[in-house]
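Asker: Chain by chain, the residues:
Protein chains: 2
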Amino acid sequence: MSKTQYFPKIDRSHKKDFKPISVPERLLLGPGPSNSHPDVLRAIAQPPIGHLDPYYIDLMGEVQDLLRYVWQTDNRLTLPMSGTGSSAMEATFANCIEAGEKVLVAINGYFGNRMADMASRYRAEVVTFEKEWGEAFSLAEVEEALATHRPVILAMVHAETSTGVCQPMDGIGDLCRKYDCLLLLDTVTSLGGVPLFLDKWKIDLAYSCSQKGLSCPPGLGPFTMGPRAEAKLSNRAGKVPNWYLDVSLLNQYWGSDRVYHHTAPVNMNFGMREALRLLAEEGIENAWERHRKNAYKLWNGLERLGLVLHVPEDLRLPTLTTVVIPDGVNGKAFSSHLLKKYGVEIGGGLGSLAGKVWRIGLMGYNATPENVEYLLNLFDSELPSFRETLSSSA
Amino acid sequence: MSKTQYFPKIDRSHKKDFKPISVPERLLLGPGPSNSHPDVLRAIAQPPIGHLDPYYIDLMGEVQDLLRYVWQTDNRLTLPMSGTGSSAMEATFANCIEAGEKVLVAINGYFGNRMADMASRYRAEVVTFEKEWGEAFSLAEVEEALATHRPVILAMVHAETSTGVCQPMDGIGDLCRKYDCLLLLDTVTSLGGVPLFLDKWKIDLAYSCSQKGLSCPPGLGPFTMGPRAEAKLSNRAGKVPNWYLDVSLLNQYWGSDRVYHHTAPVNMNFGMREALRLLAEEGIENAWERHRKNAYKLWNGLERLGLVLHVPEDLRLPTLTTVVIPDGVNGKAFSSHLLKKYGVEIGGGLGSLAGKVWRIGLMGYNATPENVEYLLNLFDSELPSFRETLSSSA
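Those sequence lines, one after another, are chains A and B. Counting with my numbering, you get residues 670 to 1063 for the letters of the first sequence. Counting with my numbering, you get residues 670 to 1063 for the letters of the second sequence.
Hints should not be assumed to be uniformly reliable.
Copies of the same chain look alike in the list, so a pair counts if it works inside one copy or between any two.
[Stated by the list, open to error] Here are the simulated lysine to any residue pairs, SDA-like style, with alpha carbons at most 20 Å apart:
{"no.": "1", "residue 1": "K908", "residue 2": "R792"}
{"no.": "2", "residue 1": "K1001", "residue 2": "P896"}
{"no.": "3", "residue 1": "K908", "residue 2": "E794"}
{"no.": "4", "residue 1": "K1025", "residue 2": "L721"}
{"no.": "5", "residue 1": "K688", "residue 2": "A816"}
{"no.": "6", "residue 1": "K908", "residue 2": "P1053"}
{"no.": "7", "residue 1": "K685", "residue 2": "Y724"}
{"no.": "8", "residue 1": "K901", "residue 2": "F687"}
{"no.": "9", "residue 1": "K685", "residue 2": "D734"}
{"no.": "10", "residue 1": "K1009", "residue 2": "E1051"}
{"no.": "11", "residue 1": "K684", "residue 2": "R897"}
{"no.": "12", "residue 1": "K962", "residue 2": "A1002"}
{"no.": "13", "residue 1": "K908", "residue 2": "S789"}
{"no.": "14", "residue 1": "K678", "residue 2": "P689"}
{"no.": "15", "residue 1": "K908", "residue 2": "E770"}
Read the hints as simulated data drawn from the structure, not as lab findings.
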């Protein structure tokens, strides 16, 4: 050790002299992240404690219980993955697929495609059935696909962030029992903002994120696994082909054994605990109703301005609205203008909707009438010049 | 959507009524996490911004450049994984192993075993060579193992958090070139605290964590990959069997294309940026020297109290010291006492050192003479009663 002070010459080519951080203020009304609740930000700024500290061990249990509440599930294996929502998505596949098994993915947007890609990396035989981006699947379509493919897992997206569609779930759980497959549901853009009844709907596997309906910064991926999925995990022939996301190991830490797995992101979990506490204080049904009311207010206001919404009303997500970009308007120029001049972020389209829609999020802490009014006023005052510029330059 | 207001009865069995969060104050002098710098905590509490916001895109570049500086590397593919250090460990294997390839792991502690487990999950043929927990490998031992096994990757731990050993790296990079294999190095407990010259040492793959020498909360896993490892990744036959950690996808976001991959943990990266800025302001060589001086102060003080250190001085890590628990003392009872009465965390032993050593960390923000003096005073005043209690009850 004493020798280490005689080290070679330091290379300073990457030693940049940056100023202290100064983050611009943003109102995040895009597809996520959404703004965090100020109490959540205060919580994540608490000095860290050890991941095996008795206080932290108690906090883990609180997070798990409140996640069960907001997801309406009794699942024992309910915990936040130490990564973003995509890591929790990956955890569902990593733990429940064995090589060569057939996974059926319902694709009606960007995130269905992502699920298909992920499942293939776990050596599943991936089969898909598709709808246009902006439509949902009917029960008959789901049954036909199940009967045709006989998969071990059906993967669906409850709330397609790329399209703004809310997939009706009534009856799909029963179909999956009938065809003896697990039902995996992406609830990234629904948890905390859209009615969600995991157990009543017979969902076997689900995941979400921290930065939308939960009003927390991005960085944690809530994950849950019901008894049928747990049984499949227990019966695996080999180890889960992903150490970090291996639920059999994670449960030794999150369960009663408290065996060290990895050093938990304790500060993010301080924030998650506080975010869930605030949601429980509000009452999950009241949060859903708040999202519903503000979404209606937004939809009516946009339509009053002559704008067209991409998704039929009965399938619309309250958390994420896709607005058709009017003919001739440069959608990207308009959203850049809102960001630069007003610090307001709205999203553009992904995949087949790129350049065709804006995506407006009203999620968690941001689902308020004040934000809706502010955004409608901006559309009212700023959009005309984007139309005019265009027609005058044409 | 209008139908969703008529939802089933809410199950309130998991709706617990918790008080607002109140985190106990801790001085974290165990194996990590260490305390964060207050400026870093202020940074992570800034309201989030979008992961494609121009400000955030600039910040990503700043984080990458400063990571190159503290690691002393020019590697293009240098970025923090959106998970803890273990996720970055997994990324090294996931990206650079193809099924059936031989991976040689040097095991002289807990984290060598973890690397062997992870590599096997990526279907490597894992071979190992071992030393006692508390020893390091000689160049001759490394060469013998390379010559015998002819692996595609040699994986070693620079700073074994379980034992307090710093592996001397001189000459190992040259051996790996001679035997045509990649050199993968765990720098979890060395980055920011122990001299580390990735490029001069010819390291091809390395990873670390945020919560030790960088003075940030846990939650990010710095990762870097040199040109030889990058070439191996480019020549893969199939996709990386891990979507979340796929560097070919991640580089489209972190590189110049800025293609959306996953929603970045923006607040953690605010903290990482500030932590690295502070480290660059101090100067990496000054940070190393601060760790060295305070470690010596700790070692001398512990020896003056009659305690024995587990690792010979020339192999000792300045960041993590293993102290032999004196005969008859219940090590766990003593560390629990420090935590409960003084809010001071020190660690216990892992694996073959469980019950045999305490682990004391002086990392990043916590590597100060004041902390050393405070801890030495606690050992001086509190440890005798743990000896006495024992002898009186014997």
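Asker: Take the hints in turn and mark each one as holding or not.
Answerer: We went through each hint and held it up to the structure:
1. K908 <-> R792: both (14 Å within a copy, 11 Å between copies)
2. K1001 <-> P896: neither (46 Å within a copy, 36 Å between copies)
3. K908 <-> E794: Intra 19 Å, inter 15 Å, cutoff 20 Å: intra and inter.
4. K1025 <-> L721: between (49 Å within a copy, 19 Å between copies)
5. K688 <-> A816: neither (61 Å within a copy, 49 Å between copies)
6. K908 <-> P1053: neither (59 Å within a copy, 47 Å between copies)
7. K685 <-> Y724: The answer is between: 17 Å across copies meets 20 Å, while 39 Å in one copy does not.
8. K901 <-> F687: neither (51 Å within a copy, 34 Å between copies)
9. K685 <-> D734: Between. Shortest inter-copy distance 7 Å satisfies the 20 Å Cα cut-off; intra-copy 45 Å does not.
10. K1009 <-> E1051: So K1009 and E1051 pass the 20 Å test inside one copy only (13 Å; across, 59 Å).
11. K684 <-> R897: Neither: 53 Å inside a chain and 24 Å across chains, both beyond 20 Å.
12. K962 <-> A1002: Neither: 30 Å inside a chain and 55 Å across chains, both beyond 20 Å.
13. K908 <-> S789: For K908 and S789, both the intra-copy (17 Å) and inter-copy (9 Å) Cα distances are at most 20 Å.
14. K678 <-> P689: Close neither inside one copy (27 Å) nor across copies (50 Å); limit 20 Å.
15. K908 <-> E770: Both: 16 Å inside a copy, 18 Å across copies.
Hint compliance for this structure: hints 2, 5, 6, 8, 11, 12, 14 are not met, and every other hint is.
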